[in-house]
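Colleague: Make the full structure from the sequences, and use the hints.
Given next are the chains, with one letter for each unit.
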Amino acid sequence: MSRIIDVLVVGSGLAGLVAALTAAREGRSVRMVTDGMGSLAISGGCVDLLGYAGGQRLNDPWSGMDLLPPAHPYRLLGASRVRAAVDMLLQCAADQGWPLHTAATPEGAPCNALLPTIMGTLKPSYLLPDGLDPAALARARRILVAGVHGLRDCRPALIVSQLRRYRDWADKDFVPFMLPSPLGATHRSLSALDLARLVDRPRGRDWLIQNLRKHAGQCDAVLLPPICGSRADASIWHELNQAVACPLVEMLSIPPGVGGLRLRDALLRELRRHDFELVENARIIRATTDGKRCTSLTALAAGQERRHTARAFVLATGGILGGGIELAPGSARESVFKLDIPVPSDVTLWSEPEIFGNHVFSRLGVRVDGEMRPQDDSGQAWYDNIFFAGRSVGGYDFATEKSGHGVALATGWQAGRMAAATAGKFHEPASGEQL
Amino acid sequence: MLETTVVVIGGGATGMGTLRDLCMRGVPAILLEQGGLAHGTSSRFHGLLHSGGRYAVNDNESARECIEENMIVRRIGRQCVEETEGFFALTPGDDPAYVEPWAEACRKAGIDAQELDVAEALRLEPNLSPDIRRVFRVPDSCVDGFRLALHNAMSARRHGGRVMTYHEVTAIHQRNGKVCGVTARNSISGESLEIACQCVVNAAGSWSGRIAGLAGLDVAVSPDRGTLIVFNHRFTSRVINRLHPGADGDIFVPHGSITILGTTSTPTERPDDTTPTCTEVLRLLDLGEPLFPAVRQYRILRAFAGTRPLYTPGNAAGRKASRNFHVVDHAEQGLEGMVSIFGGKLTTYRLMAERVSDNVCARLGVHAPCRTADEALIPDPDQAMLRRAARYFPVQGLQLMADRLGDDLPDVLQQVELAGRAGESDGNPLLCECEMVSLAEIERVARDPSTHSLTDIRLRTRLGMGTCQGTFCSLRTIGALVEHGVPLELSPTDNVRRFLQERWRGLRPALWGTQAREMELGRAVYAGTLNLDGAANEQDN
Amino acid sequence: MSVRINPDQCIACTTCVVHCPVAEATPNFLGPRMIGPAYERFRLLGLAEDPSLHYCANCKNCDISCPHDVPVSSINMLARAEQCKKQRPGLRDWVLAHGELQARWLRLIPAGLKNFGMLNPVTRAVLDALGIDKRAPLPRFASQTFRQQARGFRQSGQNRKVVFFPGCYVDVYDPRTGLDMLWTLNRAGYEVIVPDEFVCCGLPMVANGFWQDARANAERNLATLARWREQGIPIITGCPSCALMFKTELPEFFPDLAEKHGLTPLEDAQEFLLDCVERGELRLESENRASLPELRVIYHAPCHLRAQGNGLPGLELMRRLPGVASRNADAGCCGISGSYGFKKEKYAIAQDIGATLFRTVRESGAHVAVSECGTCRVQILHGSELPCLHPVSIVRQRLEALNPA
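Protein chains in written order, with our numbering: chain A, 2 to 436; chain B, -18 to 522; chain C, -16 to 388.
Read the hints as simulated data drawn from the structure, not as lab findings.
This structure is a prediction, so every number in the text was calculated from the model and none was measured.
Do not rely on the hints blindly, as some may be mistaken.
[Stated by the list, open to error] A few chain A residues that don't get close to chain B, going by computed Cβ distances all over 10 Å:
| no. | residue |
| --- | --- |
| 1 | M66 |
| 2 | N212 |
| 3 | I286 |
[To be verified] Derived CB-CB ranges, DEER-like:
| no. | chain 1 | residue 1 | chain 2 | residue 2 | range |
| --- | --- | --- | --- | --- | --- |
| 4 | C | A112 | A | K339 | 55 to 63 Å |
| 5 | C | K68 | A | D291 | 51 to 59 Å |
| 6 | B | D112 | A | R274 | 57 to 65 Å |
| 7 | B | E172 | A | D67 | 45 to 53 Å |
| 8 | B | T151 | A | G185 | 50 to 58 Å |
| 9 | C | H350 | A | D67 | 54 to 62 Å |
| 10 | B | D112 | A | L301 | 24 to 32 Å |
| 11 | C | A112 | B | E356 | 52 to 60 Å |
| 12 | B | R88 | A | K339 | 54 to 62 Å |
| 13 | A | R204 | C | L74 | 31 to 39 Å |
| 14 | B | E172 | C | D52 | 49 to 57 Å |
[Said to hold, decoys possible] Covered stretches of chain C (chain B as the covering partner; in silico rule of three or more C-beta atoms under 8 Å from a C-beta of chain B):
| no. | region |
| --- | --- |
| 15 | -11 to -5 |
| 16 | 28 to 34 |
Using N, Cα and C, we set each Cβ at its ideal position, and we do this for glycine too.
Modeller: The structure is reproduced here in structure tokens:
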């Protein structure tokens, strides 16, 4: 890899994509190196900012940020930067024809929305695409809850039984309904993604429209699994809405993550408008440093090592799930720089007996400063041109806080911005010159 | 008030075997189990059907019983046994002088132990350590203890027996020095139940000391805790034992899609002391390394622990305590009609049941001979039925499912065929892809009156016991059951929460490597996406 | 089974299912996670094979997308090998796996006659009955193989040497690309050695279940490679699939051979040329740049190239060429996967997989499509009707046009 680029981003989850986009929008050349497709393939398409803090469910995620511990990424960044990151994403998504918006309080202030899931539970989230907007449900008296024969992950009877357990939903009429399978008997069970891809095509849209029309007439809204198209193309959902003549609301579902794929699609499209290249299937295994500066990262791919030289680096390698943080009996470390992450040597102390408890392991990550530089114990930055983003950063529990995409977005934005600025400092003439 | 002749306490293999034996001899009997089927040690051990090799030197009589029973269990419990054979391997750390006496003891006990060229052994088991010095093949096998208990129960039912799970015995009644009945509490409804009877068989395993205590008897049963590790894949296709005097962490047992490494041995106060610890897991890995050098690279799915019911009249404890069994007629202590079976191991469960039933029958004046070694627990399904089933079930998983279901197979098949004819397009999808469990099987098990939770379904079907440890299948299962109107004990969300909690217990002591990733995926799905944690406080009942 | 080739790394996250082109095209394929790591746990138990294993095209998108380094495609190929031990693959698969061998047998027959023999409607009907779809774009035999033609290619004045592994496709069907490579390397100052000992890399044999044949070829190639390696001469190939086979598949499938002969990773020829540009050995610029009309190129990245974690050096070459406007199609797999898309029961799947790419190519307004992989080129031409060339052919064209001899 002979070309020196401005910003090298490692990882293609939401944090990596946002970091790359932020740097690219500042005019930097960006290369993304990725080992696997990143977590968007298994996650939803809305952005959870902060659903719970201090044991409370938050209506206003911004107000909850003060309740977070000082080491939380949002606290390190400050609310204004988080807002700027949100604004950037809103802008990019809108530019790509995939608008996101927030729910609003009766007074018109942006707030969390409670999104129905395929388990019939409700989850707070903040930035929503059109198809996942539950506003129509609040007004609805009678809701058609649709599943599809052959789709194991979505059972209307379960959803109805559980939604009824919420006070605001107890009085609604629900009409559970199973759509016939569009594919008949298949060797593999269908996933929501299979159906969403079918709906990308006119034939699939016809199937959906014909079947929903039969029942939607008597209902105020339709709740269905995430099957209204697999790409960031809002026109599909709008077309369906019009044809069915009843607002459609998708539910949050389990992997494969149709919603996440749509978001990924939008961000990649936006990225390709810039000086951006993607290197797939390469795992960063080592860094070369010169004092407090990293000069290159070495990737292992197809049995060969290859050096990537850049002026600044963003590590969005993910956490325990993504592989950016490795746990071994008695120790934890960051996977590229092999930074030790302090943990009790007794693994039992990493977690609580209750599965959704307040676990140590769920917050493990690299300690960073407000600019997303990794810090040592004394608060000094390890390297001047390395920035971490996403779940590799410690101090938060994405799952219980419902803050995963939000932290990825905010830290990715900040890391991308800082990397762009740092690369600019080292920037002699134009990008693309050679070693 | 119920009436019967014999009440058997304990729903493990021994209790079920005893129920079956008595019923086959025409003695009316009811079995009471405090938890779900086989919730004690029968489902919490390594699943090795001993050839006896392990006991040959120390206790040749036990070894002989093992090999005889091993052959019988293979015959009558075909669906519960995987005939893998086993190796005894001498590692560089083992005493070579132990080999000859061991081989001689095997000969004496009637165990066919054949020495094998090490190179040949490594060809058969390529993951085995290349450093091993000598290898013997023995007729070890693998047995599913849970299924063995279940199939004994099915057989007993066919002979008129009755099994009541979730019934904890709270009192044993006596009149004039004779047993006359028991009181049990239904742990689900909370209701009390009286059963009049002439005899009580105490087959409560690790709990048998407590049961004896209910009758005012003081017996020396010490639970001894053993922890085991479950690995994600089958890296050995045979049972592998270390060729040395039995010790901790020296047995690997392949089990369906997984491999189990066991066991530790620590005395404990509580028979339900079954939460594994990280220290035990790490110790087992250390101990397992001489047999499988890559053992640390294999992914751990979870750890679990069980308690051995050691009978310790002479204060011997741990590995020194006898693994042999003892039938104790408490008439000697002044209580007629009460018989306990202490100690023992799963391999000889049938013999233990036979001995205790002989005792009971002698008291009752029943002369029918024991027939439990002659009749299969479950008749083989006919091939025509399996061919029919192949239209609805993935062919590869069919035999596994048929073995799991036992007597319930025809019923499941009929249901699926009916649904197919009715044109329900739901088909019969796999709900658990990791262990290949289909909707029809799950639904049948869920409808069984003895099933109350996803955990009960898991034990019978292996739902959620594979790679994803319930991340995908628990949601799919609960959804399908609600859709099909099959009620369970708890609300759907609570049921899933409890199921995941139970899996978490086994995962926690080995929270590293790939399994930690798996855990984070599970948390991402159930907390991050489905908000199961938040919903616990936000949903009304 | 090596410690690496086991199902342990899989956490069932479904990412590979999302990115599997075959799973997208047909619901009758269980998908990479199920057929790979999930089912592997039952293969170890001795269970019968799932009937949908044969759908796996070995395109490697599962490996590319997996965040956990699960060796999905290797698991599948090893499973197929096991299955083929029990049940020999049929004549059709043999034919598709041994294109090079057939070409050698047919060497004495003139290409025109061979092509007439192979591509006339009657033969296509016979092949169709055999299981090779009559609509499939079977490539035409060249009148002379690349290696025959290379012997007559005059190389002079070069002081550096490079060994070129042409791959069967270039050798048998597409010598022109090979000659373009030769020309360009000469231009960069390299004498190109094309050893006669090279045989097919074996990937089609692996994909079709002819494990022993793949092994025999691997043995022969590795021995040849080792000889050149010892002389310190770089060895390159322009074919991504051959490169992948040598870099990752051979050491994984035949570790003993890799140990015996040592590993000689084949370098990507396009990357080699880029390095030549960097070192100043190959000049892409020219003074009379303005005189050439702009060439619009749409580039397709072969899956087997993406799997090598090496970026897209072929596209980078295009970008460095003056007067060439290149665009990455970025439209996924073309569907052909070597011989997969030729098979009768797979043809429609392959066309469905490639549909997005074909549309993108058609609508791109490009003059020409570009891709490193031979069968990708055939498939793109077949699906989009736009000619598709190897990047090195564009390089030669432009350089010749810019700097007339």
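Colleague: With reference to the structure, classify each hint as holding or not holding.
Modeller: Cross-check of the supplied hints:
no.: 1; hint: M66; in the structure: holds (18 Å)
no.: 2; hint: N212; in the structure: holds (13 Å)
no.: 3; hint: I286; in the structure: holds (18 Å)
no.: 4; hint: C:A112 - A:K339: 55 to 63 Å; in the structure: holds (60 Å)
no.: 5; hint: C:K68 - A:D291: 51 to 59 Å; in the structure: holds (54 Å)
no.: 6; hint: B:D112 - A:R274: 57 to 65 Å; in the structure: holds (60 Å)
no.: 7; hint: B:E172 - A:D67: 45 to 53 Å; in the structure: holds (52 Å)
no.: 8; hint: B:T151 - A:G185: 50 to 58 Å; in the structure: holds (56 Å)
no.: 9; hint: C:H350 - A:D67: 54 to 62 Å; in the structure: holds (60 Å)
no.: 10; hint: B:D112 - A:L301: 24 to 32 Å; in the structure: holds (30 Å)
no.: 11; hint: C:A112 - B:E356: 52 to 60 Å; in the structure: holds (56 Å)
no.: 12; hint: B:R88 - A:K339: 54 to 62 Å; in the structure: holds (55 Å)
no.: 13; hint: A:R204 - C:L74: 31 to 39 Å; in the structure: holds (37 Å)
no.: 14; hint: B:E172 - C:D52: 49 to 57 Å; in the structure: holds (55 Å)
no.: 15; hint: -11 to -5; in the structure: holds (count 7)
no.: 16; hint: 28 to 34; in the structure: holds (count 7)
Violated hints: none; the structure is consistent with every hint.
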